Each structure stands twice: as structure tokens, then as C-alpha cells.
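**Student:** Here the protein sequences line up with chains A and B, keeping their order.
Residue 0 is where the first sequence starts when you use numbering that gives the first Met the number 0, and the numbers rise one by one after that.
Residue 0 is where the second sequence starts when you use numbering that gives the first Met the number 0, and the numbers rise one by one after that.
Calculated from the structure, these hints are not laboratory results.
Some hints could be false.
Label-pair distances were calculated between CB atoms; the ranges are [what the hints assert, rightly or not]: (1) A:178 x B:4: 25 to 35 Å; (2) A:290 x B:37: 46 to 56 Å; (3) B:36 x A:282: 45 to 55 Å; (4) B:14 x A:53: 45 to 55 Å; (5) A:105 x B:39: 48 to 58 Å; (6) B:14 x A:266: 30 to 40 Å; (7) A:112 x B:8: 54 to 64 Å.
To list a few chain B residues with every Cβ distance to chain A over 12 Å, as calculated [claimed, not checked]: (8) 2; (9) 4; (10) 29; (11) 44.
Treat the numbers as computed from the prediction; the structure is a model and nothing was measured.
The beta-carbon is built from N, C-alpha and C at its ideal position, and this holds for glycine as well.
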Amino acid sequence: MTDISAVDRRQKAPLAPPGLISEAGVGDYLALMKPRVMSLVVFTAFVGLMIAPGHIHPVIAFTALLCIAIGAGSAGALNMWYDADIDAIMTRTASRPIPSGRITPGEAAGFGLTLGGFSVAVLALLVSWLAAALLAFTIFFYVVVYTVWLKRRTPQNIVIGGAAGALPPMIGWAAVTGSVSLESFLLFLIIFLWTPPHFWALSLLRADDYARARVPMLPVVAGPQETRRQIVLYTLVLAPAGLTPRLFGGAGVLYAVTAAAAGALMIALAWRVKRAPGGEGEARAARGLFSYSILYLFTLFAVLLVERGLPGLSGHAVM
Amino acid sequence: MAREPERVTLTPEQLRRRRARSIAIALALGVLVILFYIVTLIKGPGVLNRPI
Chain A
0 MTDISAVDRR
10 QKAPLAPPGL
20 ISEAGVGDYL
30 ALMKPRVMSL
40 VVFTAFVGLM
50 IAPGHIHPVI
60 AFTALLCIAI
70 GAGSAGALNM
80 WYDADIDAIM
90 TRTASRPIPS
100 GRITPGEAAG
110 FGLTLGGFSV
120 AVLALLVSWL
130 AAALLAFTIF
140 FYVVVYTVWL
150 KRRTPQNIVI
160 GGAAGALPPM
170 IGWAAVTGSV
180 SLESFLLFLI
190 IFLWTPPHFW
200 ALSLLRADDY
210 ARARVPMLPV
220 VAGPQETRRQ
230 IVLYTLVLAP
240 AGLTPRLFGG
250 AGVLYAVTAA
260 AAGALMIALA
270 WRVKRAPGGE
280 GEARAARGLF
290 SYSILYLFTL
300 FAVLLVERGL
310 PGLSGHAVM
Chain B
0 MAREPERVTL
10 TPEQLRRRRA
20 RSIAIALALG
30 VLVILFYIVT
40 LIKGPGVLNR
50 PI
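The whole structure should be built from the sequences, with the hints applied where relevant.
**Tutor:** The following block contains the structure:
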């Protein structure tokens with residue numbers, strides 16, 4: 000456990016001198032958009048869009064997903080711009096385009112702002128004003144609330160900041176219906192509750208990295224034992240929440256069975272992390288939970304999609 | 000007396016990457032134009048009708 004003072008957390012280390020000539024390739028700009036995070040965002044937004052009641056023209060749906068993807072990319076780029084100083088310290092992120100010197104901070108900021116502006120404007124003009132407003136809020140929340148405000152100040156950073164990652168299915172839903180509803184909120188809730196055990200499993204593996212960068216992740220300020228306890232608690236809330244689309248949203252029996260089984264396995268893996276003796280055993284358990292948590296979320300949303308495609312499996316006409 | 004402006008000579012690698020970036024921007028703008036065109040055709044007069 001490392002003690003981090005509030006003052007230290009708020010300080011940003013100096014970056015490389017500005018004014019360097021850009022040697023950035025197209026691939027570096029793509030990396031700036033965090034494509035792996037973007038893929039999960041696009042998938043959950045796609046599910047929200049597909050299971051929403053009503054019809055949307057395929058081209059309009061494609062446009063909505065494109066805007067959501069670019070908006071997520073803009074948030075990723077602005078996050079990397081602001082966090083370049085701590086990214087340079089952490090092993091996991093040191094090879095990112097800005098700390099490695101391939102893209103200057105100014106270029107990243109300009110790129111992120113341009114993408115954000117375009118994605119929101121195009122979504123508003125071609126699809127839906129509400130979806131565009133939600134996308135703008137998502138970018139704002141991820142960049143300003145999570146990255147700038149919370150990340151270096153509180154171990155609750157990813158709990159609250161997780162709201163940004165949970166919004167894409169609501170954006171997809173709003174793109175079709177022009178509104179938000181209980182069903183779309185339940186999808187938001189699942190991702191929101193999924194984020195803490197997912198990220199804390201990763202942060203258990205990278206606690207030294209976070210401590211060196213003075214990022215107050217839970218294992219750094221409260222220790223691995225408390226983190227493992229919190230992982231179990233959040234997973235115990237997440238598993239029943241995974242069933243809510245069946246209870247309140249009209250998802251089918253297939254979804255209910257899948258969510259129950261997948262939730263039980265998630266709890267078992269979280270419990271294994273809690274009971275792990277430490278050292279390599281703990282790392283293996285945390286790695287297992289981290290990997291499985293991605294599969295868990297993907298599976299739940301994929302089943303919703305399958306039920307939408309095969310209406311006979313669904314309990315109701317929609318969702 | 001006016002100062003001679005400072006000039007930077009780009010290396011071949013920097014030139015190559017700048018060209019790649021320019022092509023990517025051009026392609027992105029092209030896609031945007033095509034997208035607006037197709038959506039306008041799809042929406043027809045309804046292009047101005049956007050639900051909130």
C-alpha cells in the first residue's frame with residue numbers, strides 16, 4: 000500500500016518540450032482512439048440500437064454507430080492527451096503515442112476535439128438530437144469528470160467514471176426511439192456495475208504501476224485485501240442486476256438462463272480472487288476475473304441480440 | 000532589417016508520414032460527403048425532421 004497525499008495526486012509531471020515536428024503515422028492516430036475500448040462501446044451501442052423498439056434505416060443505424068465510435072475515439076484521445084504524464088510512467092501505457100513521442104500533446108488535443116465536435120454534430124444532424132446530447136455528455140463525463148477531476152483524486156474514480164462507459168447502449172436506444180427508457184437504463188446499469196470489478200481486477204495486477212504514477216486506484220490507497228472485498232461486493236450486486244432485463248425489460252428465457260449462469264461464474268471467480276493466497280496465485284485469479292468479465296458482458300449483450308433476431312426466444316415483442 | 004524566417008527541412012520519413020496523414024484526412028472527408036449525400040437521399044424531405 001502506498002500513501003499518496005492529496006497534493007501529489009493533483010500534480011501533473013512535466014511533458015517533453017512542445018514544438019516537435021510530428022512523425023505520427025495514421026496508425027498512431029488510430030491508437031489514440033483506444034480501438035479496443037471502442038470495440039466494446041460500439042458493440043454495446045449496437046445492441047442498444049438493435050433491441051430498441053421501432054425501425055431505423057440501416058444507413059442511419061450505421062451513421063449512428065460510426066458517430067458513437069468516433070465520439071468514443073475522441074474521448075480516448077483527450078484522455079491520452081491529459082494523462083500523457085502518468086502514461087509515460089506506467090509500463091502498460093508508456094508505449095502510447097504521446098509518451099513515446101510519436102504524437103505531440105497539441106496534436107492529440109486537436110484531434111480529440113475535432114473528432115468529438117464532428118461526431119456529435121453529425122449524430123445530431125443525421126440521426127437524433129437526444130442521441131447526440133447523450134454522446135456529448137458521455138465525452139464530457141469521460142474527459143472532464145473522470146479523467147481530469149476524479150482519476151487522480153479518489154479511489155472511487157472508476158466507480159463514478161464508469162457511467163461514461165455505460166452510456167453507449169442508451170445512445171443506441173435513443174438513436175432509434177428518440178427517447179430513453181427503463182429498458183435502456185437497465186443496460187446502462189449492468190455496464191455501470193460491471194466496471195468496478197472489471198477494472199479493479201486489472202488494477203490488482205498493475206498496482207505498482209498505478210502507485211508509481213500516483214494514481215489512487217483502490218489497491219494503491221486501500222490495499223489488495225480491501226480491493227478483493229470490494230470486487231466481491233460489486234459482483235454480488237452485478238449478478239442480480241444482470242437479470243433485470245428479464246425481470247423488468249422483457250428479455251427472454253434464454254437471456255435469463257445465460258445471465259444467471261454467467262453471473263454465478265462471475266461471483267465464483269470474484270470469490271477466487273478474494274480467497275487467493277497472494278503472489279502468483281492472486282495474479283492468476285485476478286487475470287482470470289479480468290478476462291472473464293469481458294466475456295461476461297459480451298455474452299449478456301450478445302444473447303439480447305440473438306433474442307431480438309429470434310423473437311420466439313424473447314418474452315415480449317421488444318427487447 | 001527583416002529577420003530571415005526559420006525554416007525546417009522535413010526528413011523523407013516525415014514527408015512520407017505527412018503524406019499518409021493527408022490521404023487519411025482526404026478519405027475521411029470523402030466518406031463524410033458520401034454519407035451526407037446518401038442520408039439526404041434516404042430521408043428526402045424528412046431530412047429536416049429530427050426527433051428530440
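**Student:** Does each hint fit the structure? Answer for all of them.
**Tutor:** We went through each hint and held it up to the structure:
Checked against the given bound of 25 to 35 Å, the beta carbons of residue 178 of chain A and residue 4 of chain B, roughly 57 Å apart, lie outside it. Separated by about 40 Å at the C-beta atoms, residue 290 of chain A and residue 37 of chain B break the suggested range of 46 to 56 Å. The hint said 45 to 55 Å for the Cβ distance between residue 36 of chain B and residue 282 of chain A, and at roughly 53 Å that hint holds. With their beta carbons about 50 Å apart, residue 14 of chain B and residue 53 of chain A fall inside the hinted range of 45 to 55 Å.
For the hinted restraint 48 to 58 Å between residue 105 of chain A and residue 39 of chain B, the CB-CB distance of approximately 35 Å leaves it violated. At about 56 Å, the CB distance of residue 14 of chain B to residue 266 of chain A disagrees with the hint of 30 to 40 Å. Taking 54 to 64 Å as the suggested C-beta distance range, the pair residue 112 of chain A and residue 8 of chain B does not conform, at roughly 30 Å. The non-interface label for residue 2 of chain B is consistent with chain A: the shortest C-beta to C-beta separation is roughly 18 Å, beyond 12 Å.
Its beta-carbon lying about 15 Å from the closest one in chain A, residue 4 of chain B satisfies the requirement of being farther than 12 Å from that chain. Its beta-carbon lying about 14 Å from the closest one in chain A, residue 29 of chain B satisfies the requirement of being farther than 12 Å from that chain. The beta carbon of residue 44 of chain B sits about 15 Å from the closest Cβ of chain A, which is more than 12 Å, so the claim that it is off the interface holds.
Hint compliance for this structure: hints 1, 2, 5, 6 and 7 are not met, and every other hint is.
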